[in-house]
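What follows is each chain in one-letter form.
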Amino acid sequence: MIPELGHFCLAMAVALACAQGVVGIAGPTLKDPRALTAAPLLTLLHFTAISLSFLALVWAGVVSDFTVENIADFSSAQTPLLYRITGIWGNHDGSILLWCLILSLCGAAVAVGGKRLPASLRSRVLGVLGLISCGFLLFTLAVSDPFTRIWPPPLNGAGMNPILQDPGLAFHPPVLYTGYVGFSVAFAFAIAALIEGRIDAAWGRWVRPWALISWCFLTGGITLGSWWSYYTLGWGGFWFWDPVENAALLPWLTGTALLHCAIVVEKRESLKAWTVLLAIATFSLSLSGTFLVRSGILNSVHSFAEAPNQGLFILGLLGITICGSLLLFAVRAPILAGSGIYAPISRESALILNNIFLCAIAAVVFTGTLYPPFVNLLFGIQLSVGAPFFNQTVLPLTSPIILAMGVGPLLRWKRADLYPVMQRLWLAAAIAALVFIILTATKHIIAALGLAGGAWVVMAAFTDLAERVRLFRVPFGQSLQRLFTLPRAAIGAAMGHIGFGVSVIGIAAMTLATQKVIVLKPGQSTELGGYTWTLKDIHDAPGPNYQRRVADVVLSDNGHAFLTLHPSRRFFTAQHVITNDAAIHTNGFQDLYAVFASEQDGGAELRLNRHPGAPEIWFGGLIMAMGGFFSLSDRRLRVGAPFRKRVPGGATV
Amino acid sequence: MSPLRRRLLFGVPLAMAAVGGVGFYTILRRMQDNDYNPHTLPSPLIGKHPPTFALPGAPGFQGFSNTDLLSPPKPMLVNWFASWCAPCQEEAPMLHKLAASGITIWGIAYEDTPDALAAYLQNFGNPYQRLATDESGLTAINWGVYGVPETYFIDKTGIVRLRYPGALTKEVVQNRLMPLFKQYS
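Residue numbers (full-length UniProt numbering), protein chains in the order written: chain X, 1 to 653; chain H, 1 to 185.
Bear in mind the hints are in silico, worked out from the structure with no lab data behind them. There are no misleading hints in this set.
Pair by pair, the computed Cβ-Cβ distance ranges are:
{"hint": "1", "chain 1": "X", "residue 1": "200", "chain 2": "H", "residue 2": "147", "range": "49 to 59 angstroms"}
{"hint": "2", "chain 1": "X", "residue 1": "417", "chain 2": "H", "residue 2": "8", "range": "35 to 45 angstroms"}
{"hint": "3", "chain 1": "X", "residue 1": "417", "chain 2": "H", "residue 2": "141", "range": "53 to 63 angstroms"}
{"hint": "4", "chain 1": "H", "residue 1": "15", "chain 2": "X", "residue 2": "15", "range": "30 to 40 angstroms"}
{"hint": "5", "chain 1": "X", "residue 1": "521", "chain 2": "H", "residue 2": "125", "range": "21 to 31 angstroms"}
{"hint": "6", "chain 1": "X", "residue 1": "378", "chain 2": "H", "residue 2": "141", "range": "19 to 29 angstroms"}
{"hint": "7", "chain 1": "H", "residue 1": "67", "chain 2": "X", "residue 2": "378", "range": "31 to 41 angstroms"}
{"hint": "8", "chain 1": "X", "residue 1": "161", "chain 2": "H", "residue 2": "170", "range": "17 to 27 angstroms"}
{"hint": "9", "chain 1": "X", "residue 1": "537", "chain 2": "H", "residue 2": "67", "range": "49 to 59 angstroms"}
{"hint": "10", "chain 1": "X", "residue 1": "412", "chain 2": "H", "residue 2": "147", "range": "52 to 62 angstroms"}
{"hint": "11", "chain 1": "X", "residue 1": "378", "chain 2": "H", "residue 2": "44", "range": "13 to 23 angstroms"}
Computed from a predicted model, the values in this text were never measured in an experiment. Cβ coordinates follow ideal geometry from the N, Cα and C atoms, glycine included.
Make the full structure from the sequences, and use the hints.
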């Protein structure tokens with residue numbers, strides 16, 4: 001009964017989303033105030049309907065209702081409660097429903113939080129969101145219905161893929177989807193602005209928080225995913241240039257560019273058409289990312305193994321959304337003209353430089369990801385583009401960004417002088433140079449360059465903050481006071497840059513990692529990274545829905561044992577799957593990482609790694625996301641400063 | 001910039017998206033018609049003789065070279081494997097079944113050591129009539145081996161007709177190998 005109700009709510013949501021789309025877009029032309037208030041109401045109803053539908057599916061998962069095909073295929077009675085719930089979005093149909101839920105949540109957030117928006121703009125934004133939602137809900141209902149029943153029901157479900165039974169992965173999809181889908185709001189704002197034919201500073205101010213919040217979630221989602229693959233897949237790597245990782249990286253790159261150039265629109269009313277194009281591109285790439293994962297076109301570990309007819313449906317949706325918006329852009333955008341004038345050396349130019357390089361990286365990653373299937377299609381040539389290509393092309397493009405990132409925030413708008421800025425950055429430059437010189441001794445040029453670059457970015461961001469609070473020029477207490485009154489957006493931006501620098505440091509330090517694959521019998525030991533690793537014992541241990549073989553590895557430093565790692569192999573009897581559970585010990589600056597790869601003749605094949613700087617990669621991502629959230633708490637965004645100015649002296653309106 | 005050029009410039013993203021869309025549409029249509037699979041690994045050897053090589057035999061076995069494969073008395077299989085590869089162990093029972101049904105299988109052990117290979121054959125048995133070793137892995141590169149296990153079907157004229165990467169399963173044997181044996185025997 002409950003699944004049928006869920007299915008009914010889903011059907012209702014399609015109708016409501018469709019109404020929201022039509023009323024929202026047509027409303028402002030009707031010159032009827034009731035039409036303008038209808039869209040927000042429809043949005044909230046549409047959100048409620050999808051929420052109920054999603055709850056129905058969660059309920060079916062929690063009570064293990066195996067008459068629902070989705071639950072029978074991907075859950076089982078032995079699956080722990082947490083994974084019975086998270087398993088809902090661990091499969092294709094459920095993940096699309098989650099996607100729609102988040103999309104409608106974004107719409108609801110605009111409806112509730114956008115009270116200060118001009119009514120016509122809000123109505124059009126909600127209309128665009130409604131149409132997108134309608135398309136994807138139709139897809140859910142028509143070809144990937146998560147509520148399909150089976151009869152007779154199996155006694156037990158097939159169970160969840162053991163690799164996915166992990167808390168890190170449980171929250172990776174919702175966070176990542178929020179990031180992907182959140183850009184739909186920036187997209188809707190761009191489309192609404194194209195329809196209205198007007199973009200001004202206020203538009204930039206409204207779009208930025210939405211772009212920022214999606215960016216934070218996307219950063220968080222990518223960080224979580226990378227961390228998950230690091231500690232569960234047991235490969236010891238954190239980024240594999242897998243097509244799906246690239247699909248998440250692309251909107252991140254263009255989204256980062258969008259964030260930066262929306263500042264230019266807001267402060268200087270320039271780069272309008274470019275900002276609109278970036279908003280469209282970012283959401284289009286998010287959509288294509290979701291689509292590529294599902295279509296089976298790209299080789300990937302993430303594939304859902306889907307039928308191509310679903311792919312055609314999604315391709316149709318994508319075609320309408322992307323080509324429709326780009327057509328609108330081609331027709332309407334040429335009338336958007338910027339008004340701000342600026343010199344070649346200025347904050348604007350630095351931001352344009354940032355945009356150019358971010359988009360160049362995006363173009364390289366895009367080409368590398370899509371080249372193989374297209375070359376195969378056109379010329380019948382098989383090739384694979386892998387990590388060596390991406391590493392060699394992306395690294396050189398990142399270096400100018402790293403250099404410019406330090407200087408940019410200290411430049412003034414309109415026209416700046418490079419010399420005084422460089423003077424203020426002497427400390428950061430000196431520290432970076434020092435790091436480089438020290439590390440060239442290790443003969444790792446890439447690591448030295450990377451660490452120096454990371455140090456430069458971090459120190460430059462601190463210099464920016466120190467300059468703003470006039471550190472050491474006024475008494476320390478006064479500086480502290482200034483720090484608290486500094487706009488949170490400025491601190492958030494500095495945090496974003498610091499986070500990026502920390503990630504760069506982590507990635508560079510990872511190139512210094514040492515690794516060993518060795519077969520040890522209990523009692524034997526080996527040397528790695530200055531420590532002695534001794535295999536003490538191999539024994540059995542119980543688990544909730546699996547059996548474990550655990551290897552006890554004792555690490556000692558000069559004969560003094562200081563740590564025991566317990567890498568294990570998990571045998572999931574229901575699915576006949578074995579997973580390796582890596583044991584990782586971190587002290588915040590270095591990971592000691594052991595994987596129990598296989599067991600042979602009473603010995604254990606161990607993969608032992610020492611990863612300096614590995615935690616910094618994810619700390620950096622976390623700091624970036626936190627910086628974004630901190631920036632969102634800026635007073636300017638909370639109280640809507642632009643409208644303050646219109647009521648000088650507290651005059652009544 | 002003239003207004004027309006500006007307009008054309010703003011149409012570039014649309015044109016790019018449209019081209020991409022048509023490409024994806026073609027790929028998906030052809031995937032549906034089963035005449036295109038982005039995941040297959042076509043071998044450059046199909047329809048040709050294997051490249052020149054001469055590999056020594058594993059201890060106690062006779063090795064072979066490309067000339068030995070020029071005209072086998074009946075169609076046969078060449079199976080690349082390694083003692084350190086788990087799918088090869090999974091595949092072993094199927095190879096035994098094939099060998100028991102009278103099919104000639106020659107093996108090439110890829111990047112293996114004599115000791116490990118001997119232990120492997122002891123544990124999983126020997127379905128191979130001849131067994132060569134490619135310790136350096138150079139012959140594997142010339143053959144275009146993607147990973148072990150990999151099986152090549154060679155007809156009576158010594159021409160490679162099929163390359164199957166991965167462990168042979170019942171379905172693969174039934175649907176891909178058996179029709180070839182019928183066709184070429």
